[in-house]
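Trainee: For reference, the chains in residue letters:
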Amino acid sequence: MTTERPVTDDELHAMADGRLAPERQAEVEAYLADQPAAAARAGFYGRLNAGLHELYDPLLHEPVPHRLAVRPRARNWLAVARLAAAVVLLAAGATGGWLWRDHTAEEYEQPAHALADLAAYAHVVYAGEIQHPFEVPGSEKDQLQSWLSKRLRHPVQVPQLTAVGYSFMGGRLLPADHDVPAQLMYQNVNGNRVSLYFKPAGEQRDSAFQYVVDDGVSVFYWHDSNFAYGLASELPREQLLKICNEVYHQLNPGAGPVTW
Amino acid sequence: MTAQIPHLRRYAFALVSDRDRADDLVQDCLERAWSRAHLWRRGNIRGWLFTIMHNVSVNARRRENRGPAMTSIDLPGLEPPTRPLQEDGLAVGALRDAVNTLPEEQREVVLLVGLEEFSYAETAEILGVPIGTVMSRLHRGRERLRQALATQGAPNLRRVK
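Protein sequences, first through last, are from chains A and B.
Be aware that the first sequence starts at 1, since it is given in the working numbering, and climbs by one per residue.
Be aware that the second sequence starts at 1, since it is given in the working numbering, and climbs by one per residue.
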């Protein structure tokens, strides 16, 4: 004998949602067979769920916008940097300490790593820009080279990365605490961006290549006699290393392969 | 956490029916989540994220209610097909309109249960209400949709022979 327990509205919903207690399944089905109005409601609830999926599931397969894909620390940089960008034009020197107030003294004492951090930071700020990823377009490369050479007080050469699939978009000067760094932006056909950040090398003479991943941004960084460089991107290490090799060899013709 | 971003976007878009506002909600949600990650100790991260999403959306709604009325915007790129979904399925255009007219509280429950497939208990936890409240919101929401679609979308609901 089956117990004649009445079927509740909650159970009609549970039926449609696949959450009905297994021992109730047969009873509810038997009830619906006799009750077309209730069966129609349960049927509607099920079709409603399917309709919601059809309507909204396309969003699951869309690429996540850049602003959501970067982690908050990077995004906080972005927010701070955008605010600072306006200020910086007026007071380049004053903002540095404020921007980096979260950094420990220890990090300040590691200029090489600090450079990687700056390169990653500059990459996050500008690689995400649709409209303004650079200040001077790649079409004015000669003017850009002479402008940057003047401002950085060393001859600047813009590497061409077409051999590894990246075209030069343009470049810009950036404010920093005591330096005037520059950033060159490159992009491949898939829209992946790589930026080369560099500034006068100062006292650093260690030219070993180093690699760090910071908040999803990979950076190779090294020095030569004129500049300290950081090559930043969201690419995996192997791909970035290939690009790094190309950059290094254009800047240092005749040098051996980059090993890391 | 990043694996949940597409789900958060889907839910937020279904909730507010506007891409930019939806992504703003997701961004707020993620920022809070990252900044509070140390507070998250147990349970499933998905439920936790949707709890934050609920709080963020309630706050956003509160702000909007003080400001100018928001109008629903038609979106390029997510144009609903006009055909019925399946032989006796729902026309998605009519469904979207009907979902947008639901009171927010009912819409949340209909979406958390029907789209995100949370259990009733999880939904209650996300919204911070008793499970009985979840069931009654679910029932009222779905019945409202059923009636809206039965009257306005009658041709779309008929079986196509």
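Fair warning: there could be bad hints in the mix.
Per the computed footprint, the stretches of chain A lying under chain B, defined by three or more beta-carbons under 8 Å from a beta-carbon of chain B, are [said to hold, decoys possible]: (1) 21 to 31; (2) 46 to 54; (3) 170 to 176.
Computed, partial: chain B to chain A, Cβ under 8 Å [stated by the list, open to error]: (4) PHE13; (5) LEU30; (6) ILE45; (7) ARG46; (8) VAL58; (9) LEU102; (10) LEU111; (11) VAL113; (12) LEU115; (13) ARG140; (14) LEU145; (15) GLN147.
Hint data in this document are derived by calculation from the structure and do not stem from the laboratory.
The beta carbon of each residue, even a glycine, is placed where N, CA and C say it ideally should be.
Trainee: Confirm or reject each hint.
Mentor: So, going through the hints one by one against the coordinates:
Coverage of the stretch 21 to 31 of chain A by chain B is violated in this model, with 0 residues showing a Cβ closer than 8 Å to a Cβ of that chain against a need of three. With 8 residues bearing a CB less than 8 Å from a CB of chain B, the stretch 46 to 54 of chain A meets the requirement of three and the coverage assertion stands. Given as covered by chain B, the stretch 170 to 176 of chain A fails the check, having 0 residues with a CB less than 8 Å from a CB of that chain where 3 are the minimum. For PHE13 of chain B, the shortest C-beta to C-beta distance to chain A is roughly 6 Å, which falls under 8 Å, so the interface hint holds.
With a cut of 8 Å, the hint placing LEU30 of chain B at the interface with chain A holds, because the nearest CB-to-CB distance is about 6 Å. Proximity of ILE45 of chain B to chain A is violated relative to the hint, the smallest CB-CB distance being about 15 Å (cut-off 8 Å). Taken as an interface hint, ARG46 of chain B does not check out: its beta carbon lies about 14 Å from the nearest beta carbon of chain A, beyond 8 Å. Given hint, VAL58 of chain B at the interface with chain A, is violated; its Cβ is 20 Å from that chain's nearest Cβ, farther than 8 Å.
For LEU102 of chain B, the suggested interface contact is broken, since its CB lies about 12 Å from the closest CB of chain A, more than 8 Å. A distance limit of 8 Å between C-beta atoms decides the matter here; for LEU111 of chain B the minimum to chain A is near 7 Å, and the interface restraint holds. Interface hint at VAL113 of chain B: satisfied, since its Cβ lies 6 Å from the closest Cβ of chain A, which is below the 8 Å cut-off. The interface hint given for LEU115 of chain B is met, as the beta carbon of that residue sits about 4 Å from the closest beta carbon of chain A, less than 8 Å.
Interface hint at ARG140 of chain B: violated, since its Cβ lies 10 Å from the closest Cβ of chain A, which is beyond the 8 Å cut-off. For LEU145 of chain B, the interface hint holds, the least distance from its beta-carbon to any beta-carbon of chain A being 6 Å, beneath 8 Å. Against a cut-off of 8 Å between C-beta atoms, the interface hint on GLN147 of chain B is violated, since the closest Cβ of chain A lies about 10 Å away.
Consistency note: the structure conflicts with the earlier hints numbered 1, 3, 6, 7, 8, 9, 13, 15.
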